[in-house]
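Number of protein chains: 2
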Amino acid sequence: MQQYPSQLLERAVEAFSCLPGVGRKTALRLVLHLLRQSDDEVDGFADAISHVKHDVKYCKVCHNISDSDLCSICADPRRDASLVCVVENVQDVMAIENTQQFHGLYHVLGGVISPLDGIGPHDLEIESLVKRVEKGGVREIILALSSTMEGDTTNFYISRKLKGKDVKLSVIARGISVGDELEYTDEVTLGRSILNRTPFET
Amino acid sequence: MQQYPSQLLERAVEAFSCLPGVGRKTALRLVLHLLRQSDDEVDGFADAISHVKHDVKYCKVCHNISDSDLCSICADPRRDASLVCVVENVQDVMAIENTQQFHGLYHVLGGVISPLDGIGPHDLEIESLVKRVEKGGVREIILALSSTMEGDTTNFYISRKLKGKDVKLSVIARGISVGDELEYTDEVTLGRSILNRTPFET
Numbered sequence: 001m002q003q004y005p006s007q008l009l010e011r012a013v014e015a016f017s018c019l020p021g022v023g024r025k026t027a028l029r030l031v032l033h034l035l036r037q038s039d040d041e042v043d044g045f046a047d048a049i050s051h052v053k054h055d056v057k058y059c060k061v062c063h064n065i066s067d068s069d070l071c072s073i074c075a076d077p078r079r080d081a082s083l084v085c086v087v088e089n090v091q092d093v094m095a096i097e098n099t100q101q102f103h104g105l106y107h108v109l110g111g112v113i114s115p116l117d118g119i120g121p122h123d124l125e126i127e128s129l130v131k132r133v134e135k136g137g138v139r140e141i142i143l144a145l146s147s148t149m150e151g152d153t154t155n156f157y158i159s160r161k162l163k164g165k166d167v168k169l170s171v172i173a174r175g176i177s178v179g180d181e182l183e184y185t186d187e188v189t190l191g192r193s194i195l196n197r198t199p200f201e202t
Numbered sequence: 001m002q003q004y005p006s007q008l009l010e011r012a013v014e015a016f017s018c019l020p021g022v023g024r025k026t027a028l029r030l031v032l033h034l035l036r037q038s039d040d041e042v043d044g045f046a047d048a049i050s051h052v053k054h055d056v057k058y059c060k061v062c063h064n065i066s067d068s069d070l071c072s073i074c075a076d077p078r079r080d081a082s083l084v085c086v087v088e089n090v091q092d093v094m095a096i097e098n099t100q101q102f103h104g105l106y107h108v109l110g111g112v113i114s115p116l117d118g119i120g121p122h123d124l125e126i127e128s129l130v131k132r133v134e135k136g137g138v139r140e141i142i143l144a145l146s147s148t149m150e151g152d153t154t155n156f157y158i159s160r161k162l163k164g165k166d167v168k169l170s171v172i173a174r175g176i177s178v179g180d181e182l183e184y185t186d187e188v189t190l191g192r193s194i195l196n197r198t199p200f201e202t
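Chain order of the listed sequences is U and F. Under full-length UniProt numbering, the first residue of the first sequence is numbered 1, with each subsequent residue one higher. Under full-length UniProt numbering, the first residue of the second sequence is numbered 1, with each subsequent residue one higher.
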């Protein structure tokens, strides 16, 4: 057990080492880095953290992180509200937004069904998705979850929940990545990319 | 450039990405992790950071981080005050304390002389070390800096500053690490370990 020369230092190291991927050595390095910064910088850091926790809101439509009750994407009249892309988390929204290929709205589930981690359908924003569809105006739901067992399970659960509702359900394409060589692509992906081939466009 | 769905989120990500070794992606992951914690936990985190910055003290004798004006090591009457170990930073004090082999006091320089980083002798606690020796009561100074060019330069500078003063100067042993195989030891280290051989004790 490390002996810290100061209780205050120890407390700050403890706090940092609760972060994912940060051990006690890294935590100590981060705290000592902060100690070398100006008072204003450190206050700004602490302030930014408590502010984001207390004042951040979640969009009441898509559950994305937002500064107001309605996020900037849901509030944008130029976006196609009839097209809803279901994603796992905020990072995925940002990743898809970066592609600039999607002009519909999102629905952030807040995770995927994962019994091993104790996450069931009721911990996720699935009920609110069903309600959103029932309210009408949604033409197509695009499932854009990770291509994992948990993602597939969640896709299946959502498809069951939306069965019989007047909405088209689609899944993002799975195939070989742009820039990938066939030789090094796993066989499941390669098999799918052949089954789901698309017309060649010139 | 990433588009953040919230200004508050962006500010917190900016704050985290100023930390060493933390990029914007990691910063976002850390902030989203904090958003999933309870209010109390996040407040405790922010509080620990501003507390350590505002309330931490530096020992007026050895310049180690401390909760009071005199650190617990300097204040301990059982320690040998005539033996002073010169180290670069707080981590080094903790590393040496962990060995439980040293029972003297420390002197934390706050870095090493490194012209490339703009760190000169006057940015370090060298003057205070000289004064400490001049005050009397110090029998031996152990130089325990990193075995780098900057460490060696700093050792040399300190030895010049202490020239003619009534104090023994020593350097921690350099040789092959415990558990190391000769075959994989670099030649400079191996050469030194032969030159600085010690009597074999049974």
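Since the hints were made in silico from the structure, they are not lab data. From a predicted model like this one, the values you see are computed outputs, not experimental measurements. Heads up, a few of these hints could be off.
It does not matter which identical chain is meant; a pair holds if it fits inside one copy or across any two.
Calculated pairs, EDC-like style, for lysine to aspartate or glutamate (alpha carbon to alpha carbon, straight line, at most 20 Å) [unchecked claim]:
#1 LYS25 - ASP117
#2 LYS168 - GLU140
#3 LYS25 - ASP40
#4 LYS161 - GLU88
#5 LYS25 - GLU88
#6 LYS165 - GLU134
#7 LYS57 - ASP40
#8 LYS60 - GLU181
#9 LYS163 - GLU134
#10 LYS131 - GLU201
#11 LYS163 - ASP69
#12 LYS57 - ASP43
#13 LYS131 - ASP117
#14 LYS161 - GLU150
Practice task
Using 20 Å as the alpha carbon limit, work out where LYS57 and ASP43 are close: within a copy, between copies, both or neither.
Solution key: This pair counts as between: shortest inter-copy Cα distance 17 Å, intra-copy 23 Å.
Practice task
If the cutoff is 20 Å on CA atoms, where do LYS131 and GLU201 land: within, between, both or neither? Let me know, please.
Solution key: neither (38 Å within a copy, 80 Å between copies)
Problem - Same-copy or cross-copy closeness of LYS60 to GLU181 [CA-CA at most 20 Å] - result: Neither, since 43 Å and 63 Å both go past 20 Å.
Exercise for the section: Tell me, please, which holds for LYS168 and GLU140 at an alpha-carbon limit of 20 Å: within, between, both or neither? Expected result: within (5 Å within a copy, 81 Å between copies)
Practice task
At 20 Å max between alpha carbons, let me know whether LYS25 reaches ASP40 within a copy, between copies, both or neither.
Solution key: neither (25 Å within a copy, 24 Å between copies)
Exercise for the section: Up to 20 Å between alpha-carbons, please classify LYS131 paired with ASP117: within, between, both or neither. Expected result: neither (26 Å within a copy, 60 Å between copies)
Practice task
Evaluate LYS57 and ASP40 at a C-alpha cut-off of 20 Å and name the case that applies: within, between, both or neither.
Solution key: This pair counts as between: shortest inter-copy Cα distance 18 Å, intra-copy 26 Å.
Practice task
Up to 20 Å between alpha-carbons, please classify LYS25 paired with GLU88: within, between, both or neither.
Solution key: Classified as between: cross-chain Cα gap 16 Å, same-chain 32 Å, threshold 20 Å.
Problem - Intra- versus inter-subunit Cα pairing at 20 Å for LYS161 with GLU88 - result: within (17 Å within a copy, 62 Å between copies)
Exercise for the section: Tell me, please, which holds for LYS163 and GLU134 at an alpha-carbon limit of 20 Å: within, between, both or neither? Expected result: within (12 Å within a copy, 86 Å between copies)
Exercise for the section: Measure nothing new, just compare the shortest in-copy and cross-copy C-alpha distances for LYS25 and ASP117 to 20 Å and report within, between, both or neither. Expected result: Neither: 28 Å inside a chain and 23 Å across chains, both beyond 20 Å.
Exercise for the section: Have a look at LYS163 and ASP69 and pick one of within, between, both or neither, based on CA distance no larger than 20 Å. Expected result: Result: close neither inside a copy nor across copies, 30 Å intra and 70 Å inter.
In the structure shown, a violation is registered for the earlier hints numbered 1, 3, 8, 10, 11 and 13, in ascending order.
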